[in-house]
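K.L.:
Line by line, the protein sequences give chains V and H. Quick note on our numbering: the first sequence kicks off at 668 and runs consecutively. Quick note on our numbering: the second sequence kicks off at 2 and runs consecutively.
Keep in mind the hints are simulated off the structure, nothing from the lab. Keep in mind the model is a prediction, meaning the values are calculated, not measured. C-beta: ideal position from N, C-alpha, C; glycine also. Hints are supplied without guarantee of correctness; some may be wrong.
As the list claims (entries may be wrong) - Taking lysine-lysine pairs in the DSSO-like style, the calculated list, with each CA pair at most 30 Å apart, reads: (1) V:Lys737 <-> V:Lys669; (2) H:Lys10 <-> H:Lys72; (3) H:Lys58 <-> V:Lys669; (4) V:Lys737 <-> V:Lys723; (5) V:Lys734 <-> H:Lys15; (6) V:Lys723 <-> V:Lys669; (7) H:Lys72 <-> H:Lys58; (8) H:Lys58 <-> H:Lys15; (9) V:Lys734 <-> V:Lys669; (10) V:Lys709 <-> V:Lys669; (11) V:Lys734 <-> V:Lys723; (12) H:Lys58 <-> V:Lys734; (13) H:Lys10 <-> H:Lys58; (14) V:Lys709 <-> V:Lys723; (15) H:Lys10 <-> V:Lys709; (16) H:Lys72 <-> V:Lys709; (17) V:Lys737 <-> H:Lys10; (18) V:Lys709 <-> H:Lys58.
Stated by the list, open to error - Derived list of chain H stretches under chain V, where covered just means 3 residues or more per stretch with a C-beta under 8 Å from a C-beta of chain V: (19) 14-21; (20) 65-76.
As the list claims (entries may be wrong) - Partial pick of chain V residues on the chain H-facing surface, computed with a CB cut under 10 Å: (21) Val671; (22) Lys709; (23) Asp745; (24) Leu766; (25) Ile777; (26) Ala778.
One-letter residues, chain by chain:
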Amino acid sequence: QKEVEQDPGPLSVPEGAIVSLNCTYSNSAFQYFMWYRQYSRKGPELLMYTYSSGNKEDGRFTAQVDKSSKYISLFIRDSQPSDSATYLCAMRPPGNTPLVFGKGTRLSVIA
Amino acid sequence: NAGVTQTPKFQVLKTGQSMTLQCAQDMNHNSMYWYRQDPGMGLRLIYYSASEGTTDKGEVPNGYNVSRLNKREFSLRLESAAPSQTSVYFCASSEGRGNTGELFFGEGSRLTVL
């Protein structure tokens with residue numbers, strides 16, 4: 668079992684839909700949780716960051732962490748065609764250790 | 002503001018040839034990383050350098066070598082390229098030293114080995 672599991676999709680939704688993207692993990696030491704967005708032929712860019720458990724909201728995006736279930740989610744409200752990209756979850760324990768990435772979920776928002 | 006710069010952006014090699022991918026960051030970051038990204042495999046860490054003067058193996062180091070030339074530059078070398086090394090390679094940097102670990106990525110280098 669990989670440390671971080673993420674359904675690769677692809678996921679296709681109509682414009683305006685609510686999108687839910689998820690990752691599960693096995694390492695209970697993970698404390699830092701991130702979501703990266705990667706447009707086609709570009710490098711990933713940080714979208715959301717959460718420390719430990721709880722929710723974080725930024726505009727149309729909400730990140731949730733449930734450490735008891737080892738489960739993280741990214742919700743996108745009122746999805747737009749410009750949200751079409753690959754979304755990668757990433758996480759790591761305390762200390763200067765590298766991030767562990769999920770495989771990424773490819774999302775298409777259809778106008 | 003350049004951020005993380007990778008060269009070359011595209012390269013085609015024949016099996017057995019060698020090459021070096023260059024990476025430079027201008028954010029005064031301590032840590033630098035090399036990843037490869039393949040369809041269905043996600044981002045896999047090849048090597049990283051937590052600080053100037055140190056390097057460590059990641060998940061898939063075989064067939065690669067790295068050099069942390071100075072705080073700004075981190076190169077990745079393929080000594081004898083194989084078709085299995087056809088991939089998109091990303092360099093990244095982070096502040097390190099107990100920071101959140103946020104990575105800043107370059108635009109990628111697309112390598113094809115024939």
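K.L.:
None of the hints should be skipped; say for each whether it holds.
P.N.:
Hint-by-hint comparison with the structure:
Annotation: proposed proximity of Lys737 (chain V) to Lys669 (chain V) holds, straight-line Cα distance about 13 Å (limit 30 Å). A threshold of 30 Å between alpha carbons decides the hint, and for Lys10 (chain H) with Lys72 (chain H) the separation of about 22 Å falls inside it, so the pair holds. Between Lys58 (chain H) and Lys669 (chain V), the direct Cα distance comes to roughly 18 Å. Compliance with the 30 Å bound is thereby established for this hinted pair. Restraint check for Lys737 (chain V) and Lys723 (chain V): satisfied, since their Cα atoms lie roughly 17 Å apart, inside the 30 Å limit.
Of the supplied pair hints, the one linking Lys734 (chain V) and Lys15 (chain H) is violated, its CA atoms being roughly 47 Å apart against a limit of 30 Å. A threshold of 30 Å between alpha carbons decides the hint, and for Lys723 (chain V) with Lys669 (chain V) the separation of about 26 Å falls inside it, so the pair holds. The hinted pair formed by Lys72 (chain H) and Lys58 (chain H) meets the criterion: a straight-line CA distance of about 18 Å does not exceed 30 Å. A threshold of 30 Å between alpha carbons decides the hint, and for Lys58 (chain H) with Lys15 (chain H) the separation of about 26 Å falls inside it, so the pair holds.
Between Lys734 (chain V) and Lys669 (chain V) the CA atoms are separated by roughly 17 Å; this keeps the pair inside 30 Å, and the hint holds. Using a Cα cut-off of 30 Å, the hinted pair Lys709 (chain V) and Lys669 (chain V) holds, with the two alpha carbons roughly 25 Å apart. A hinted pair counts as satisfied when its Cα atoms are at most 30 Å apart, and Lys734 (chain V) with Lys723 (chain V) qualifies at roughly 14 Å. Restraint check: the Cα-Cα separation between Lys58 (chain H) and Lys734 (chain V) comes to about 28 Å, which is no more than 30 Å; the hinted pair holds.
Taking the CA atoms of Lys10 (chain H) and Lys58 (chain H), the gap is near 24 Å; set against the 30 Å cutoff, the hint holds. Simply put, Lys709 (chain V) and Lys723 (chain V) have alpha-carbon atoms about 26 Å apart, close enough for the 30 Å limit, and the pair holds. Restraint check for Lys10 (chain H) and Lys709 (chain V): satisfied, since their Cα atoms lie roughly 11 Å apart, inside the 30 Å limit. A C-alpha spacing of about 24 Å is found between Lys72 (chain H) and Lys709 (chain V), which places the hinted pair at or below 30 Å, so the restraint holds.
For a cut-off of 30 Å, the pair hint linking Lys737 (chain V) to Lys10 (chain H) is broken: about 37 Å separates their Cα positions. Pair hint Lys709 (chain V) plus Lys58 (chain H) holds up; C-alpha atoms about 25 Å apart against a cutoff of 30 Å. Closer than 8 Å: that is the beta-carbon criterion, and the region 14-21 of chain H has 0 residues meeting it against chain V, so the requirement of 3 is violated. Counting residues of the region 65-76 of chain H whose CB lies closer than 8 Å to any CB of chain V gives 0, so the stated coverage by that chain is violated, three being the minimum.
Against a cut-off of 10 Å between C-beta atoms, the interface hint on Val671 (chain V) holds, since the closest Cβ of chain H lies about 9 Å away. Evaluation of the Lys709 (chain V) hint against chain H yields a held restraint, the C-beta minimum of about 6 Å falling below 10 Å. Interface hint at Asp745 (chain V): violated, since its Cβ lies 26 Å from the closest Cβ of chain H, which is beyond the 10 Å cut-off. The criterion of a C-beta within 10 Å of any C-beta in chain H is met by Leu766 (chain V), whose closest approach is roughly 6 Å, and the hint holds.
Interface restraint check: Ile777 (chain V) against chain H, minimum CB-CB distance 22 Å, threshold 10 Å, status violated. With 10 Å as the threshold, the beta carbon of Ala778 (chain V) stays out of range of chain H, its nearest partner Cβ sitting at about 26 Å, so the hint is violated.
Checked against the numbered hints above, the structure violates hints 5, 17, 19, 20, 23, 25, 26; every other hint is satisfied.
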